[in-house]
Structure formats: C-alpha cells, structure tokens
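> In the order they appear, the protein sequences are chains A and Z. Per the numbering used here, numbering through the first sequence is continuous, rising by one, with the last residue being 289. Per the numbering used here, numbering through the second sequence is continuous, rising by one, with the last residue being 114.
Bear in mind the hints are in silico, worked out from the structure with no lab data behind them. Certain hints may be false.
[As the list claims (entries may be wrong)] In silico lysine-lysine, BS3-like type, Cα no more than 27 Å apart, as pairs:
| hint | chain 1 | residue 1 | chain 2 | residue 2 |
| --- | --- | --- | --- | --- |
| 1 | Z | K101 | Z | K6 |
| 2 | A | K194 | A | K238 |
| 3 | A | K240 | A | K229 |
| 4 | A | K194 | A | K215 |
| 5 | A | K215 | A | K240 |
| 6 | Z | K55 | Z | K72 |
| 7 | Z | K101 | A | K240 |
| 8 | A | K229 | A | K215 |
| 9 | Z | K101 | A | K215 |
| 10 | A | K238 | Z | K101 |
| 11 | Z | K101 | Z | K55 |
| 12 | A | K188 | A | K240 |
| 13 | Z | K101 | Z | K72 |
| 14 | Z | K111 | A | K215 |
| 15 | A | K229 | Z | K101 |
| 16 | Z | K6 | A | K215 |
| 17 | A | K188 | A | K238 |
| 18 | A | K194 | Z | K6 |
| 19 | A | K240 | A | K194 |
| 20 | Z | K72 | Z | K6 |
[As the list claims (entries may be wrong)] Calculated Cβ distances over 10 Å to all of chain Z for the following chain A residues:
| hint | residue |
| --- | --- |
| 21 | Q180 |
| 22 | Q234 |
| 23 | K240 |
| 24 | F241 |
| 25 | L242 |
| 26 | T256 |
| 27 | D276 |
| 28 | T277 |
| 29 | L289 |
The model shown is predicted, which means the values in this text are computed figures rather than measured ones. Using N, Cα and C, we set each Cβ at its ideal position, and we do this for glycine too.
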Amino acid sequence: GAVVSQHPSWVICKSGTSVKIECRSLDFQATTMFWYRQFPKQSLMLMATSNEGSKATYEQGVEKDKFLINHASLTLSTLTVTSAHPEDSSFYICSAGLAGGDTQYFGPGTRLTVL
Amino acid sequence: DAKTTQPPSMDCAEGRAANLPCNHSTISGNEYVYWYRQIHSQGPQYIIHGLKNNETNEMASLIITEDRKSSTLILPHATLRDTAVYYCIVRGTGGGNKLTFGTGTQLKVEL
C-alpha cells in the first residue's frame with residue numbers, strides 16, 4: 175500500500191517550453207501533496223505544499239508563476255514548469271500523505287533536462 | 004521543526020548490523036523522529052518513525068534515547084541493496100507538516 179507514482183520518469187525539452195509532471199497516489203487519497211527539487215549531490219529541497227482544492231503554498235524563493243501546481247483531486251497533483259530554462263534541470267520528486275495520517279510517501283521522481 | 008545532525012558517511016560489511024546515529028537535541032515534545040532513505044536516482048523511501056518508544060518493523064529498528072535528544076536506526080543484517088543516503092528528520096504531527104531534509108548519512112555496504 176501507499177504507492178505514489180510520477181509521470182514522466184524523465185523528460186528532455188527545449189528552453190522556453192513548458193513541462194507538466196504528474197504525481198498520483200495509487201491506492202490512497204492524499205489531501206496534501208508536496209513537491210521537492212533535488213540538484214546533483216544535494217539534498218531534497220521543498221518547493222511547495224499542495225492541498226486538494228486550494229492554492230498551493232510555496233516556499234521562500236520559489237516562483238509560483240514559474241512552477242504552477244494544481245491539486246484537482248485527492249489522487250492527482252501536477253507541477254508545470256513554465257518557460258523552462260537549463261537552470262531548471264533537476265530531479266523533481268513529489269510526496270503524498272494519507273488523509274489524516276502523518277507519514278509521507280514519495281514518488282520515484284522525474285528527471286528534467288532542459289536544453 | 005527541530006534540526007538533526009548525522010555523520011556524512013558510514014561503511015558497513017554485508018551481513019552485519021548497520022547502526023546509524025542521529026542527534027536532535029532541540030526536539031520538542033510533540034515531534035516525531037522519521038527515517039527515510041534514498042537510493043541513487045530514486046525517490047526517498049519511508050523506513051520507520053517513532054515518538055519516544057523504540058520501534059521495529061520489517062525493515063529496521065529505531066532506538067530513541069530516554070531524553071529523546073538522539074536516536075539510532077538499526078539495519079540488523081545489511082545487504083548491498085541497503086547502500087543509500089539515510090535521512091533522519093524531526094517533524095511535528097499532522098499530514099500537512101512538511102519534511103525538512105538535511106544532508107543525511109551515505110551508508111555504503113560492502114562485501
């Protein structure tokens with residue numbers, strides 16, 4: 175149980191294009207999902223907290239107009255990187271928590287490369 | 004959330020127990036200790052968590068000191084597949100509470 179999936183697992187795009195990453199909780203409902211970013215040889219950095227049916231809460235320094243988050247249902251959250259640039263190349267990871275629970279479960283991550 | 008301190012790296016022989024320490028001297032009474040691990044190029048994997056009592060599951064054991072200022076994650080019989088970065092995280096209750104990742108401990112299990 176408590177499986178989280180991400181799609182795609184990797185994506186390569188041209189600079190200036192937008193990329194959408196999906197995060198799904200497969201066997202549970204998640205009222206809260208989190209989006210992280212991880213650069214090579216660094217730890218995970220929280221980007222935003224996504225609550226179903228409401229606006230996401232972004233961490234300091236994360237541009238909300240560049241990283242669009244939508245959490246339209248209890249099993250799906252999406253992260254759209256708009257007008258991607260090479261410096262946005264990173265490993266993007268989502269996590270989801272069981273409704274009413276405390277433990278977060280992570281997806282396998284999405285490797286984004288912007289050329 | 005309270006900060007944690009972990010050694011940057013540890014080595015362990017396959018088949019032996021791996022004991023990973025974590026200091027969290029500023030932990031408050033309602034904060035849990037969580038352990039996750041991240042194998043290279045994968046998302047973090049939940050291992051175990053606890054409040055004040057020792058905990059055990061199929062993956063590991065968590066030993067929390069009586070004053071709760073430190074804890075130890077024990078992998079009883081480490082295998083090569085346990086090579087990963089292990090993160091000790093202190094976090095408050097509630098599904099909306101975020102996890103703050105430190106630098107973790109790189110555990111290398113060798114033959």
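> What are the numbers of the hints the structure violates, in ascending order?
8, 18, 21, 27, 28
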